[in-house]
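2 protein chains.
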Amino acid sequence: MDSLGETIRKLREEKELPLRTVAAYLDIDQAILSKIERGQRNANREQVVKLAAFFKIKENELLVSWLSDKLVYEVADEDVALKALQVAEEKVKYNKSKRK
Amino acid sequence: MDSLGETIRKLREEKELPLRTVAAYLDIDQAILSKIERGQRNANREQVVKLAAFFKIKENELLVSWLSDKLVYEVADEDVALKALQVAEEKVKYNKSKRK
DNA sequence: GTAATTTTGACAAATTCATTCAAAACAGAA
DNA sequence: TTCTGTTTTGAATGAATTTGTCAAAATTAC
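Chains as they are written, first to last, in our numbering: chain D, 1 to 100; chain X, 1 to 100.
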């Protein structure tokens, strides 16, 4: 249940790479990557895709991690957080079945 | 499974009230309310609370409707939408248990 | 200690978002 | 059709949020 930040920090440290290296690959300032890893900034979709490629892990898994982080952030400090997530699931399922 | 917009439009039309009346209560331009009802704009939390009071319905129900709309919007056109919602649920549950 | 790396925060730029307003579109009644 | 009230649209503005840059401070490793 790691956040995106925790995940990529672990991967980076496993390979003993400095922020600089990964940041260069993503074409962003290392300060931003530092913040992303610690959850102070959100990555954008493009960056997530690049990160998956860089670390050679499944793109979809990282996207799920990233998206779910955003969702958690969105419902934070709402009492109805869980309920809202469940209803959102229903709505997505419903839309999917309808779109066919 | 109505969206917030559909819900409040129905309520307003049941009572045969013009946009003007409800908009005045919310202290916003009627153009905005029109857009909120048709899902072209997001309401903010405060407006949702006021709407619940105005129509005398449960605040939490309307908040769930509003929040879940935002979540659906956030994951729209992502293949991993459902998965992300499920993982987000797990994360929220986990955070809740930890925060005690 | 030095050197490399990471974190922080101030600032600027860019982008997104909300709001206002007036005109256009629409609906119903006469 | 015209009159009246309502709703929708879109352009323009302003506010707020996000995003990136940079350099200095803090931390870590040697």
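By construction, these hints were calculated from the structure, which means they are not laboratory data.
Any given hint could turn out to be false.
Same chains, same names: a pair is fine if it fits in one copy or spans any two.
Stated by the list, open to error - Taking lysine-lysine and the PhoX-like style, the derived pairs with C-alpha atoms no more than 25 Å apart in a straight line are:
no. : residue 1 : residue 2
1   : LYS98     : LYS15
2   : LYS15     : LYS56
3   : LYS15     : LYS83
4   : LYS58     : LYS98
5   : LYS15     : LYS93
6   : LYS83     : LYS10
7   : LYS50     : LYS83
8   : LYS15     : LYS96
Outcome of the hint check:
In this assembly of identical chains, LYS98 and LYS15 lie within 25 Å of each other by CA distance neither inside one copy nor across copies; the values are 45 Å within and 31 Å between. In the homo-oligomer, the alpha carbons of LYS15 and LYS56 lie at most 25 Å apart inside one protomer (12 Å), although the nearest pairing across protomers, at 58 Å, exceeds that limit. In this assembly of identical chains, the alpha carbons of LYS15 and LYS83 never lie at most 25 Å apart, being 40 Å within a copy and 29 Å across copies at closest. Proximity of LYS58 and LYS98 under a CA criterion of 25 Å is satisfied in neither setting, with 29 Å inside one chain copy and 29 Å between copies.
Neither within a single protomer nor between protomers do LYS15 and LYS93 lie at most 25 Å apart by alpha-carbon distance, with minima of 39 Å and 32 Å respectively. Taking the shortest alpha-carbon separations for LYS83 and LYS10, only the inter-copy value of 23 Å comes in at or below 25 Å, while the best intra-copy value is 32 Å. Taking the shortest alpha-carbon separations for LYS50 and LYS83, only the inter-copy value of 21 Å comes in at or below 25 Å, while the best intra-copy value is 33 Å. Proximity of LYS15 and LYS96 under a CA criterion of 25 Å is satisfied in neither setting, with 40 Å inside one chain copy and 33 Å between copies.
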